[in-house]
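K.L.:
Line by line, the protein sequences give chains A and B.
Numbering of the first sequence is given in this note's numbering, commencing with residue 1 and proceeding in unit increments.
Numbering of the second sequence is given in this note's numbering, commencing with residue 1 and proceeding in unit increments.
The set of hints was computed from the structure by calculation and includes no laboratory data.
C-beta atoms are modelled at their ideal positions from N, C-alpha and C, and glycine is treated no differently.
It is possible that part of the hints are untrue.
Facing chain A, a subset of chain B residues (Cβ under 8 Å, in silico) [as the list claims (entries may be wrong)]:
1) Pro-16
2) Phe-53
3) Leu-81
Interface residues of chain A toward chain B, partial, derived using beta-carbon atoms under 8 Å [to be verified]:
4) Gln-43
5) Met-103
6) Tyr-106
7) Ser-109
8) Gly-110
9) Ile-111
10) Arg-275
Residue-level listing of the chains:
Protein chains: 2
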Amino acid sequence: MEKFEVYVLGCGSALPTMRHYPSSQVISLREKLFMVDCGEGAQLQLRRSRLRFSRLNHIFITHLHGDHVFGLPGLVSTFALLGRTADMHVYGPADLEKVMQPMLNYFCSGIPFTVHFHTVDTTVGGKVYEDRSVIVEAFPLQHRKPCVGYLFREKPALPHIKRDMIDFLEIPHFAINDIKAGGGWTTADGVFYPHERLVTPAEPPRSYAYCSDTRFVPELAETLRGVDLLFHEATFAETDAARAAETMHSTAQQAATLAKMAEVRRLLIGHFSARYEDESVLLKEAQSIFADTLLAREGLCLAL
Amino acid sequence: MEKFEVYVLGCGSALPTMRHYPSSQVISLREKLFMVDCGEGAQLQLRRSRLRFSRLNHIFITHLHGDHVFGLPGLVSTFALLGRTADMHVYGPADLEKVMQPMLNYFCSGIPFTVHFHTVDTTVGGKVYEDRSVIVEAFPLQHRKPCVGYLFREKPALPHIKRDMIDFLEIPHFAINDIKAGGGWTTADGVFYPHERLVTPAEPPRSYAYCSDTRFVPELAETLRGVDLLFHEATFAETDAARAAETMHSTAQQAATLAKMAEVRRLLIGHFSARYEDESVLLKEAQSIFADTLLAREGLCLAL
Numbered sequence: 001m002e003k004f005e006v007y008v009l010g011c012g013s014a015l016p017t018m019r020h021y022p023s024s025q026v027i028s029l030r031e032k033l034f035m036v037d038c039g040e041g042a043q044l045q046l047r048r049s050r051l052r053f054s055r056l057n058h059i060f061i062t063h064l065h066g067d068h069v070f071g072l073p074g075l076v077s078t079f080a081l082l083g084r085t086a087d088m089h090v091y092g093p094a095d096l097e098k099v100m101q102p103m104l105n106y107f108c109s110g111i112p113f114t115v116h117f118h119t120v121d122t123t124v125g126g127k128v129y130e131d132r133s134v135i136v137e138a139f140p141l142q143h144r145k146p147c148v149g150y151l152f153r154e155k156p157a158l159p160h161i162k163r164d165m166i167d168f169l170e171i172p173h174f175a176i177n178d179i180k181a182g183g184g185w186t187t188a189d190g191v192f193y194p195h196e197r198l199v200t201p202a203e204p205p206r207s208y209a210y211c212s213d214t215r216f217v218p219e220l221a222e223t224l225r226g227v228d229l230l231f232h233e234a235t236f237a238e239t240d241a242a243r244a245a246e247t248m249h250s251t252a253q254q255a256a257t258l259a260k261m262a263e264v265r266r267l268l269i270g271h272f273s274a275r276y277e278d279e280s281v282l283l284k285e286a287q288s289i290f291a292d293t294l295l296a297r298e299g300l301c302l303a304l
Numbered sequence: 001m002e003k004f005e006v007y008v009l010g011c012g013s014a015l016p017t018m019r020h021y022p023s024s025q026v027i028s029l030r031e032k033l034f035m036v037d038c039g040e041g042a043q044l045q046l047r048r049s050r051l052r053f054s055r056l057n058h059i060f061i062t063h064l065h066g067d068h069v070f071g072l073p074g075l076v077s078t079f080a081l082l083g084r085t086a087d088m089h090v091y092g093p094a095d096l097e098k099v100m101q102p103m104l105n106y107f108c109s110g111i112p113f114t115v116h117f118h119t120v121d122t123t124v125g126g127k128v129y130e131d132r133s134v135i136v137e138a139f140p141l142q143h144r145k146p147c148v149g150y151l152f153r154e155k156p157a158l159p160h161i162k163r164d165m166i167d168f169l170e171i172p173h174f175a176i177n178d179i180k181a182g183g184g185w186t187t188a189d190g191v192f193y194p195h196e197r198l199v200t201p202a203e204p205p206r207s208y209a210y211c212s213d214t215r216f217v218p219e220l221a222e223t224l225r226g227v228d229l230l231f232h233e234a235t236f237a238e239t240d241a242a243r244a245a246e247t248m249h250s251t252a253q254q255a256a257t258l259a260k261m262a263e264v265r266r267l268l269i270g271h272f273s274a275r276y277e278d279e280s281v282l283l284k285e286a287q288s289i290f291a292d293t294l295l296a297r298e299g300l301c302l303a304l
């Protein structure tokens, strides 16, 4: 199966703690890396992850709070120092370019690559990226600043050739791609083997959704239905539900409720408030509603 | 003796490594904290140092390379989240305000304190800060961007009262400050005790100098003469002297040569290039010229 992994670089909220970096994750999908959010220290954490910097060409920003973007100038500077020449693409709300470009102009002038900013419509969302392996869609979240989540949907893979059938029928190499694409095979003596006898079906395409920061939005269940992994912020415990409402964040219980409504496979919670010394409180609260819940932590890598 | 300590929050150079954060230090002088440089992650490291954020009101920036300033927006944001109300003062080259103010306007609007930028003349330097305990002076360094070092000079302290003399002569409490300030005392029966008999001299005032980033500037020896602790960048080893010259950095040998010329008490080297897995190479090189050399490392605290 092709690689589809989620790395947590930071899963704290705005106030730094000894335990957490601010928000940043990397999705490693086949040969590419995609970053979601880029809080202060993301480049240090990326270094620690030992992921290859050069595989990262696309960064998706959810919203313009500092704990989700302050790592961007440092990341770009470091890429320049490492001699990067490939262009970088940064996706985010409309103001992102306005606020970041002057910093880059000042500190990263003359670097050997271009940073392209792509504006994401935070009111309706929609497809923001596509290649032959994946589609990335934005969808609106509800927070104090315009904010989107991102949904990574793997494209359907081609079926697997049955090696023994190919050998047995002596099917030539040049015919393999046709068969993978849906074709059958007729032998020299006229016997037709339909597609289904020559292949085993591909694994079903996988999907990952990232929801941070947001208040509880039950309507998201449709967008998130059946994803293999849902990251949802759980800044607060239900005992602090009033504070969650006030700051437009979610509780662990709300994150789990959404996971259950959307019938996702697994839930990963993060963006923890600094007030919880012991985050198992958040985990237990979520697991009481949705059993397959995991706590995010720096350095965690989940394979989908 | 009053507190005068130097905390190393980060001592790497621009390229991040697993071992080092970019440049930042805190000087803890009596009741106040002063930060010099504020690389990405400085607020995280400050948190780890367990120094009280509220004691920090003054930040001195040496020059406008990202690895010395990218931590500033995050630090200000965090101070705001912590409910700070006291104004902050940031000192640095002329462009600092121009490049940082728009970031602060966007991400830190409505915070309950003001960040005041103070322009430091990078061509002549001079006094940039003074209170009853300390004078901070900037002095020009030579780097690819306009750059200054900072010299922290403790003001002479008042002498110590000889407790036993005070008790013996029954000198009243209200007279103590006069005596500390240089006065003597006449007893009820007319015997005069001169100042010198009532006090022991204060410790000599201490000084700390921070030189980063800079090429080797032998003329600095006069400015730095006799300081108790000199931090001097030693980005490279002498084997990479050509690279040091090209990038306007110093070698460990050059840092030590300046320390020797200036007859400082101790030398602390840092701003290490990522290329040295083992920095003892830099330490040995410096110690061969100036024995009292120390390697900076994150978390190091030196008392002067």
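K.L.:
Indicate, hint by hint, whether the structure satisfies it.
P.N.:
Hints versus structure:
{"no.": "1", "hint": "Pro-16", "verdict": "holds (5 Å)"}
{"no.": "2", "hint": "Phe-53", "verdict": "violated (11 Å)"}
{"no.": "3", "hint": "Leu-81", "verdict": "holds (5 Å)"}
{"no.": "4", "hint": "Gln-43", "verdict": "holds (6 Å)"}
{"no.": "5", "hint": "Met-103", "verdict": "holds (7 Å)"}
{"no.": "6", "hint": "Tyr-106", "verdict": "holds (5 Å)"}
{"no.": "7", "hint": "Ser-109", "verdict": "violated (11 Å)"}
{"no.": "8", "hint": "Gly-110", "verdict": "violated (12 Å)"}
{"no.": "9", "hint": "Ile-111", "verdict": "violated (11 Å)"}
{"no.": "10", "hint": "Arg-275", "verdict": "violated (12 Å)"}
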